Amino acid sequence: MLDKQQGARLANLWDDAKAAGMSEPERLLYRSNLLGSDKRITNYGGGNTSAKVTERDPLTGETVEVLWVKGSGGDVGTIRMDGFATLYMDKLRALKGIYRGVEFEDEMVGYLPHCTFNLNPRAASIDTPLHAYVPKSHVDHMHPDAIIAIAASKNSKDLTQKIFGDEIGWLPWKRPGYELGLWLEKFCRENPTARGVVLESHGLFTWGDSAKEAYETTIEIINRAIAWFEAENTAPAFGGAVKPVLETSERTAVAKRLMPVIRGLISADEKKVGHFDDSQAVLDFVTSRDLEPLAALGTSCPDHFLRTKIRPLVIDFDPDAPDVEKTLAGLPEAISAYRASYAAYYDRCRRADSPAMRDPNAVVFLVPGVGMITFAKDKATARISGEFYVNAINVMRGASGVSTYVGLPEQEAFDIEYWLLEEAKLQRMPKPKSLAGCIALVTGGAGGIGKATADRLMREGACIILADIDQGALEAAEGELAARYGKDFVRAVSMNVTSEAAVESGFGDALLAFGGLDILVSNAGLASSAAIEDTTLSLWNRNMDILATGYFLVSREAFRIFRAQKAGGNVVFVASKNGLAASPGASAYCAAKAAEIHLARCLALEGASAQIRVNVVNPDAVLRGSKIWTGEWKEQRAAAYNMDVDELEAHYRERSMLKRSVFPEDIAEAIYFLASDMSAKSTGNIINVDAGNAQSFTR
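Going by my numbering, the first residue of the sequence shown is number 82, and it counts up by one from there.
Watch out, some of these pointers could steer you wrong.
[Stated by the list, open to error] DSSO-like cross-link-like pairs, simulated, lysine-lysine; straight-line CA separation at most 27 Å:
#	residue 1	residue 2
1	K458	K512
2	K133	K293
3	K235	K293
4	K235	K267
5	K172	K506
6	K217	K238
7	K647	K458
8	K177	K506
9	K133	K120
10	K172	K255
11	K514	K647
12	K133	K267
13	K267	K120
14	K177	K217
15	K255	K243
16	K217	K324
17	K172	K133
18	K120	K506
19	K762	K647
20	K255	K133
21	K267	K255
These are computed hints drawn from the structure, not numbers from a lab. Since this is a predicted model, take the numbers as computed values, not measurements.
Work out the full structure: start from the sequences and follow the hints.
What follows is the structure in C-alpha cells.
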C-alpha cells in the first residue's frame, strides 16, 4: 500500500477571500504556489501552470490574449511574478503555419522569443506549446506520485479509464515539445467534456475555466488516485521486507563511514556534496525483496531521471551481518563498474549529434537497511535529487502493487538526458564559483573572524559547518548565513574543541550533513593576560587545552577524513602575531600560539604526500566583532598599556607599520586565499595580517 504521507488526502487550500482581490496573473501565482507546496503534487522544479489572460497591448493599445506560463527553470512552489513568461496567443497560434513536422519540432523553441509579450525577459520553457494549445483558460501540468504510478504501469491506459472513466483521458508517451502540444489540442477538441489527461510515463494535465476550478480539479483528481491505490494496493510494498532496518544510530554510523569514501571516488573531475535520507519510504525500499530488480529498471518520469540519472547504484551491504570494512573495500570496484555501465549505455544510445558523455558516476546510492545517499554539485541539488528519487520510489510502490512497473525505454531516456535543448540549457549556466562543491568546517565559527571566514567561503560557493561552544551565538550566526546564502549551505554543530568526544561527534555530524570535508579552518580561541608569577596552572592549561590540544584534535579528525576521501585537503590555522613575537604579560597565550604554528609545520610535512596542505594566518589586534576582545581581555590589555579601553584600537593601529586597523574580513580574505586553488602550491606557510609588525616577520 502507499506510505502514510502518500496515502493521506491533499487538502484544498484555496481561500476565496484571499483570491478575491487578486488580478488574474496574481491568482495564477497563488495557485502555483499552493500546488508546489506539497511534493505529492509535484517535485521541485517540476510541472507547469498557465493562464490565458486578456491584456492591453503596450504597443497598439488593443486588447490581446496573453499566455502567462511558468518560465524555463522555475519552480511552481517558490515562483514569483517575474518567474512567468508572457507570450501573445495569436503569435503562438501562428507558429502552426511554419511547423515543419515532428522531425523539426526542436526548432520551434527558437521561435518562442518572437512571441514575447511586453518585452518580458523570462525565457519560455519547452512546455509552452503544451499549455498554449489546450483550449482552456487555466492549465496545470503536475507530476503527482499517485498519477505517475498509474502512468508508469504496464496497463496505464486501462487503469486511467478504470479510475477516472471519460473525465480523464490518456495519451501515450511522447517527449515534451511542440508535437505533444498539438496532441493535447487534438485530444481536447475530440473530448470536450474531459477535465484532464494522463500522459504515459510522465504526469497529469488538468484544466478549468477559472484559476480556482483548475486548482480544485487538480487536487480532486490526485485525491481520487490516492484513494484508489489505498483501496487496491494492499500487498506488502515491493514484495515485502527481506532485510532488517538498522537502528538509527547504526544507520548514521554506516552513512558517516561510507559518504566520504564514496565522495572521494566520484569527485575526481568535480567536487560533490552529499545528502543522507533514511525516511520511511526509503527504508521500505532498501529492505525489500524487489529492491535490485526495481532499481535496475530506472525511473519513469523525465523529471526524475534528469535529476537522479537513469538508475541508482545499490551498495553491497548486508544489514543482517553488517561489515562496513568489507563494503568500503568493495566500493572502488562497484563505482568503477557503474561508470563502465553508464559509458556502455551512452555508446548504445548516442546519436550522431549527441553531446559528449557527461559525468558517468551515480547520483543515487542505495544502502540496504541503512538508507539513501545522494551526491551532486552542491547540497541543494543533492537534497533535491534525493527528493526526486523518493518520488520515484513512491511511483514504483504504487505501480508494482497494482500492475507491472515500467521504466522509460532506454533510448527515450537517453534522448531526453542528452537532448540538444537540454545541453544548450546546461551550457548557459554560469561558471561554477571557485569553491563550488567544497565543504569547510570553521571552529570558533560564531565569532568575528569565524563568521567573516564562513561568509567569505560561502560567497565562493562552499558549504560551511559552523562549530562553536557558544550555542546562542552559533544559532544566530547560522541564521544570518542561511538567510544570505540558503539554509542548504550552512550547518551548525556545538563543539568544545578540548573534548575528544565532542570533536569526533561534530565532525561526524558534518559528514552526515554534507558527505565529506575539504577545508578545516581552526579558529577557536581565547586570550589571557597575566604576569608569569600570577599565571595559574589552570590558566596555563586552559590556553594549552584550547589553542594547542584543540587544534591538534580537530586537525587529527580532519586528516582522518582527508585520508578516507583520498582527494587531498586543506587546513588553515588562525594563530596570532604573538606566536612569533613575544608579548609581556601573556606567556600562556604566546606559548600556546607558538605551539599552534609549529603543529601546523609538522602537519604540513605529514600531509604533503596526500596533497593535504596546512598553512597559518597570523592576525593581530582584530578588535571589531571579536568575542575575545570583549570584557576581561580588552581591559587587561588596556591596563598593560596604561590606557582606556576605548583607546586600544587607535593604539594598535598607530603601532602598526601601515597605520591601519585590521578587521575580521581581512583575516577571512587571507584564509580564503590559503583555502583556495590560488595557493595550490603553498603549504607550511604563514601569512601575517597585522598591518605590519617587524617583530613578527617570519624568518
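Results of checking the hints against the structure:
Between the alpha carbons of K458 and K512 the distance comes to roughly 12 Å, so the proposed pair stays at or under 27 Å and holds. This hinted pair checks out: K133 and K293 have alpha carbons roughly 14 Å apart, not beyond 27 Å. In summary, the hint linking K235 to K293 is not supported, as the alpha carbons are separated by about 33 Å, beyond the 27 Å threshold. This hinted pair checks out: K235 and K267 have alpha carbons roughly 24 Å apart, not beyond 27 Å.
Under the criterion of a C-alpha separation no larger than 27 Å, the hint pairing K172 with K506 is consistent with the structure, at around 24 Å. Between K217 and K238, the direct Cα distance comes to roughly 23 Å. Compliance with the 27 Å bound is thereby established for this hinted pair. Our distance criterion of 27 Å between C-alpha atoms is met by K647 and K458, whose separation comes to about 18 Å. Restraint check: the Cα-Cα separation between K177 and K506 comes to about 25 Å, which is no more than 27 Å; the hinted pair holds.
The hinted pair formed by K133 and K120 meets the criterion: a straight-line CA distance of about 26 Å does not exceed 27 Å. Of the supplied pair hints, the one linking K172 and K255 holds, its CA atoms being roughly 24 Å apart against a limit of 27 Å. A hinted pair counts as satisfied when its Cα atoms are at most 27 Å apart, and K514 with K647 qualifies at roughly 23 Å. Only pairs whose Cα atoms come within 27 Å are accepted, and K133 paired with K267 is accepted, the gap being roughly 18 Å.
Proposed proximity of K267 and K120 is contradicted: the alpha carbons are some 30 Å apart, above 27 Å. Of the pairs offered as hints, the one joining K177 and K217 holds, with about 18 Å between alpha carbons and a cut-off of 27 Å not exceeded. For the hint pairing K255 with K243, the CA-to-CA distance comes to about 22 Å; that is within 27 Å, so the pair holds. Proximity of K217 to K324 is assessed by CA-CA distance (about 50 Å); at most 27 Å being required, the pair is judged violated.
Of the pairs offered as hints, the one joining K172 and K133 holds, with about 13 Å between alpha carbons and a cut-off of 27 Å not exceeded. Between K120 and K506, the direct Cα distance comes to roughly 25 Å. Compliance with the 27 Å bound is thereby established for this hinted pair. The hinted pair formed by K762 and K647 meets the criterion: a straight-line CA distance of about 18 Å does not exceed 27 Å. Between K255 and K133, the direct Cα distance comes to roughly 24 Å. Compliance with the 27 Å bound is thereby established for this hinted pair.
Our distance criterion of 27 Å between C-alpha atoms is met by K267 and K255, whose separation comes to about 14 Å.
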